[in-house]
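Those sequence lines, one after another, are chains L, C, X and E. For the first sequence, this note's numbering assigns the number 21 to the initial residue and increments by one for each residue that follows. For the second sequence, this note's numbering assigns the number 115 to the initial residue and increments by one for each residue that follows. For the third sequence, this note's numbering assigns the number 196 to the initial residue and increments by one for each residue that follows. For the fourth sequence, this note's numbering assigns the number 2 to the initial residue and increments by one for each residue that follows.
These are calculated hints, taken from the structure and not from any lab test. Remember, predicted model here, so these are calculated numbers, not experimental data. Just so it is clear, CB atoms sit at the ideal spot from N, CA and C, and this is done for glycine as well. Hints should not be assumed to be uniformly reliable.
Only part of the chain E face toward chain X is listed, based on derived beta-carbon distances under 7 Å [what the hints assert, rightly or not]: (1) Val592; (2) Lys596; (3) Gly599; (4) Cys600; (5) Ala602; (6) Glu605; (7) Val606; (8) Ala640; (9) Arg642; (10) Pro643; (11) Asn647; (12) Gly650; (13) Asn653; (14) Leu657.
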Amino acid sequence: MSADNEPLIIGFLCNWCSYAGADMAGTSRQAYPANIRIMRVPCSGRVDPLLIVKCFEEGADAVLVAGCHPGDCHYSEGNYYSRRRFALLRELLDFMGIEKERFRIEWVSASEGKRFAKIVSDFTEDATKLGSRKVS
Amino acid sequence: MAPVESNVAKSIAERVYSYYPGCSLHATAAEYDVSARLVCQKVGIELRELEDWVCCGASAAHSTDHLLSLALPAHTLKQAEEKGLPLAVPCAMCFSRLKFTLHELENKDTLDLVSRAIGKELSTAVTVKPMLQVLADENISLPIAKLLIGLKVACYYGCLLVRPPEVVGFDDAENPQTMDRLMERLAAEAIDWGLKTACCGAGVAFARFDIVLKLSHRLISLAQRSGADCIAVACPMCHANLDMYQKDMTAKFGQKTELPVLYFTQLMGLALGFSPKELLLDKHLTDPLPMLRKKKLI
Amino acid sequence: MGADFTQQIRDKAKELLEKGTVECVIGYETGSDGVSARPAFIHDPAEVDRLVFDNTCSHNLVKYLLNKKGKPTAVVVKGCDSRAVNLLLSEKQIERNQAFIIGVVCPSVVEWGWNKRSEQIQKRCDWCRQHTPVVYDFLVGEPVTEEPPPDFADVAEMEAKTTEERAAFWREQAERCLRCYACRQACPGCYCIDCFVEELDPEWVGIRIAPQENLMWNTIRAFHLGGRCISCNECERVCPVNIPLSLLNRKLEQEVLSLFDYRAGMSDDTIAPLITFRKDDKLGIGE
Amino acid sequence: MSRIGVFICHCGTNIGGVVNVPQVVEAAKRMPLVAYADENKYTCSEVGQASIRDAIKEQRLDRVVIASCSPRMHENTFRRTVATAGLNPYLLEMANLREHCSWVHSDSKDATAKAIDLVRMAVAKVARHESLFPKQVGLTKRALVIGGGITGIQAALDIASAGHEVVLVEKEPSIGGRMAQLDKTFPTLDCSACILTPKMVDVSQHPNITLLTYSEVKEVRGFVGNFEVDILKKAKMVDYVKCTGCGNCWQACPERIPSEFDLGLGRRSVIYIPFAQAVPNKPVIDIANCRYERYLKWKETEEGPEPPQCRICEGVCPTEAIDRSQRDEIVTEKFGAIVVATGFKTFDYSVYGEYGGGRYPDVISSLQLERLMSAAGPTEGEVLRPSDGVHPKNVVFIQCVGSRDDKVGRPYCSKVCCMYTAKHAVMLKEHDPEVQCYVFYIDVRAGGKDFEEFARRAQDETGAVYLRGRVSQIYQEGKKLKVLGEDSLMGRLVEIDADLVVLATGMEPSDNADVIAQTLNISYNTYNFLIEAHPKLRPVETQTDGIFVAGTCVGPRDIPDCVAHGGAAAAKAVVLLSQDSLTTDPLTSFVDPMKCVGCFACKEVCPFNAIEEQITRDGRTISSVNESLCKGCGLCVVACRPGAINLRGFTNQQLLSEVLTLVGR
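With the sequences and hints as input, model every part of the structure.
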């Protein structure tokens, strides 16, 4: 877990829309806090709940999963599955004491650089408010 | 015509109805009321008039106060709901208002608002049927005394009975068939004509008489030229406009306009053996009796 | 109930074994404590009288069908157990024509332990909506009309707590977890050859018995059964340190019901909610 | 023990200006398995790439991390770089220090800390990379074209002329499609048949084209380059080898039924060709309506009166070509590419009750008018109205019938109606100078070469009255049709006594377009129009490799667009077929047979039908991945509880080790 109570945020971004959206944020110089560490995955449907839970149990303060908008999935259906899977996981985690606010699922298209920056900024702010998770 | 069938299917085995005559049938359209009651009795349909029905608010209310235009029908609907019987409505205008109200009450907020207005908990669990649909039920056997052979009828539905389809959900909005089929069961010939659902002008009856004349005349003359002996209607307003002004039409448009306008219930009455007197056939301004005599139907 | 049910099961078992319809009947027999029931595997018609049925018959015997692949087998199932049959059918783990299902209209089972039985009905039976099996070839007892849906009072109670309290609660449970995996062994839905928890590469869950590793295990175990758990609650019954696993399972059951209007194992041709979707799903994500 | 090299790019000041690159280099050197770390001004420059190649050789590096810009930018560049240095191109991983770090963060300390993390993640991931090798699969150098309209014809001819075998499947007895039903074409007014029929003949005579009329595609298996297709050949009851197409039979046939080709305006025999210039010019027997077939049916039960035996066609056939032993048969063919050109049908106008279409015989569709105007049509080109066969003088056209109308679930514009109605106005005037046309329209959309000029011509020269507004009602009054409508520009109601009303019915996909799409596993929209891989950049490709779409089955378009579209699809197919083998992306998923429990959750979620069942030696049914179909989305990996499926390039191990560099121990 990162130093001096700066929240650590791990982001899983689908290669085709959201990772490109994050690139777009870069090319258009949309600044956002440096707390997020971005992992590139082919599709939000590739993100295994095991990874999410692992992140949290090992001390990540917040996790972001971003994929193409429903209907725009590069693989036509992937994000429909992740939508269901994470809607359920989010409930379970909250039930087990990991606030809903720490786990965000967002649809970000390749052209939404500005929006991506906004999402990360807001998310970082929320995570900071929530404070770091106490893990042994 | 799918909608007809499905509606008929729904009314199977329904023999007892709450009855909402509406204001006109207690006044200018008494013959509709009388004939409807006689016919229903004859074919074994029991009509129980609601004790405390009020005006449906047609034209007067719905063009001035939205809430009132819903509250008035709601009051009547509530009674029908308490009776737990389907509601038979002869007047097309009343029918339209009741259906519109039910339609708007689908919205939760409106439901609450109107409920508060009439001080009763409303629901939308009431079946409202036009008299035409009630009597056209093919499961009802007609004890026919006199077949109306040789009588050419132009069935006229008007605007309100079948429109708008998503609200009234009765028959086909452009080419309805219910009355046509019914007339054929009486051995009359329902002529095919194009203005079954055209407007007679009732909406502007008082404001723009000239329009009423124009529209009604268009209807009657087409019916005439299509070889009809009479027009059958299911609405007191339509009846008034078509029946009352034929002399004015003759005056205004030249060629003689004369075509009896009867309620479909009166024609049923004839077929079921009632006398012209019982059916108040002598109440019309355009006298149908000569025509009926010529056709040897009386 | 008892004697009569027992007799019917014995007769059917005898018939099946004699006819050679099946080569084994999986049922219950009285355990060596002489008090509580335990699974019994009968291969010989002469031994059918070992079979009993009483209100200590809690094991979900469907689990054992997994070891009988390709061998015609009869199994005694209660209402809840029967849903596991459908689950395994839909996940192609058993074949319908290999399994003869002796359904028992469940009289509800009681809390019991070694050499002791209470008259206390088990929790699962209070929640149960499936006393009559959903699938069977032969039914013991008269179908009953099922109770209206249970409310999830226990779940609600947990949700009433603050997040910190919930976190603390589960952390405390995790500290007690021995990772003996009894919950997994009892569960008819857990049939993986290699369970993720014992995977060394990737090492999803560390070997060390530490709370976060245990939480990892308990969270994912529950989630892997999300939309698949048929609420027989065997996992909780067999837990040696009494971790309230039913809370996790039922939380998921509740969500699956409200989000996807789905109950696992009600028929053998439904698709588990997490491996299907509706384009118009409304799940409060990006809407 | 692998030796990883890390190369960190300044990208001029783009990265170096914010991130303290030397510090990142130092950190990298201390990371596990890192044998070498260095920095470049511009890694992507030739100098930069050379330094990488040298380092790989000199330092005996077996894996490379390049920390620079987005992999979406330069991954392929650097894969080539390491490949030229003798490394497997897939032993490369990139850390995105520019788009995801230096360009979005200003604080050097934070940015540098993050950069180090990103590099650490990349190092952890690359350590788990394996050499991957693209697979080569062979392909069948044959194409299937579905649909024998102008689009399919064009596609078939182009592919065939490029030297590849083509099978053209058409469900009707003749090719030609909708274009064959048209009289003339806008805006040039050249005769449709005259320009179409030569192409139809070319198809029938082309040595590379096999024509399967009266046939339908039933099932499609396989994948790009290797499709296996079941085609249903409906029984024609005529031996095409013997038949000379002399026409005795269809002239002699005593039965006459409404002709589909003439849209019910004319009648045809039961043994028939749809129209005079049909290709092939040989008849089929429409079994459902054949007297003798009816007799044979009766013979089985002998219920009811005995129908006549007929068999006249057999009597008059000089070559004994009638063969009643024929039955429907399924043939299976192999193809490398498939072009779908299933075309359109016109909107069912009876949906608009107010227009009375279906009730009044003189309310017809534009396509029906085409038949009335066509010299080969039921009236031999004389425009006679259906009810009483008189020449209509007042003709009313109504635009957007089943187009631009949410009420009937058809909000889209059908694109051709404005123009063909202008054409009709012009041609009716030519047929009969006394004709007066009225056109009720919403907008006149005349976008296209010479289109606007032509639309003007219709209004100015023919005196057609264009009324901007909708028609509210049409009813029969004696021999006239009363048309009540609105002229929204003048703001008044209009009443027209019409002799004929023509409804400009819009385009919608042919029946079963959705079924075909499902058979081919390609997607379609709510109106059943097929969906292209990208509306702008991949207009004839689909999400399924090797399957191309063209013409009006994709969306409304006119003849020249269809021809161009068909040609485009053909070109794409030819590009595919001209290869000797296909290279498949190695980033696919794969199954560990020892772990798979055969629940087939993977098969359930795979969007590409890439999961197949296989039986192991010990008799378990487990899944396996068809790597030619797999597109590497990884849905199966997540659906797999036992972790039996993994995705090359994004394995569970790799993603987990990335996470573990950030959290925990």
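Check each numbered hint from earlier against the structure, then list the numbers of those it violates in ascending order. 1, 11, 12
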